[in-house]
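Let's have the full structure, built from the sequences with the hints guiding it.
Residue numbers (this note's numbering), protein chains in the order written: chain F, 1 to 107; chain C, 1 to 122.
No wet-lab data here; the hints were simulated from the structure.
Only true hints are included.
Simulated crosslink set (BS3-like; lysine-lysine; CA at most 25 Å straight-line): (1) F:K45 - C:K23; (2) F:K45 - C:K3; (3) C:K3 - F:K39.
Which residues of chain F face chain C? A partial, calculated answer using Cβ under 8 Å: (4) T43; (5) E93; (6) G101.
A few chain F positions that, by computed beta-carbon distances, are all more than 12 Å from chain C: (7) S26; (8) S28; (9) F62; (10) S65; (11) D70; (12) T74; (13) L104.
As the structure is a prediction and not an experimental result, all values here were calculated from the model.
Every residue, glycine too, gets a C-beta built ideally from N, C-alpha and C.
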Amino acid sequence: DVQMTQSPSYLAASPGESVSISCKASKSINTYLAWYQEKPGKTNKLLIYSGSTLQSGTPSRFSGSGSGTDFTLTIRSLEPEDFAVYYCQQHNEYPQTFGGGTKLELK
Amino acid sequence: EVKLQQSGDELVRPGASVKMSCKASGYTFTDYAMHWVKQSPGQGLEWIGTIIPLIDTTSYNQKFKGKATLTADKSSNTAYMELSRLTSEDSAVYYCARGPMVLITPGVMDAWGQGASVTVSS
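What follows is the structure, given as structure tokens:
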């Protein structure tokens, strides 16, 4: 199985700042990497798929980049509603696998 | 609005089985696949399997073969997952999530249910 390693596990930031979250795959997954947002009391939300394609409804301050084994989720100018847990998922091969998550907290 | 409404939390005895449901609304049920995902503190998020309701075809993570059985009822737009021979390792939150109707490659999950907690305890 493809191992997905996210870093950091925790990240503290303030509204208006920009942050980046890393996701590394144990083997090449081409560009087949998705990002999800998890917030208490809400259902999980698909933000980005295929590395950099924004899902409909995802604000443009979110961006994804990378290919092969190294990927990054960047959130520019954080809004209060962005504080959440973020997961990456590879959708290149079975079984699809997830990263361990990054909790973005308010500083 | 796409909505996946999952059944409630369950407390079950070791060795028993549990069957949970995921009722879809807001879209054509047979136009999409349904994934099931396990979330536990020690293992994070794990893909269990996928069912394509239109053709009743399933794909399972090898780890969950024999543990999970996925079915779907097209008449009620509901997907089901049954977990058998439960142990403490099965205590987790389980999610259903919609995906594109393909099995050749894994799909992403563009709508999720609210999750259902299963606690295995005597």
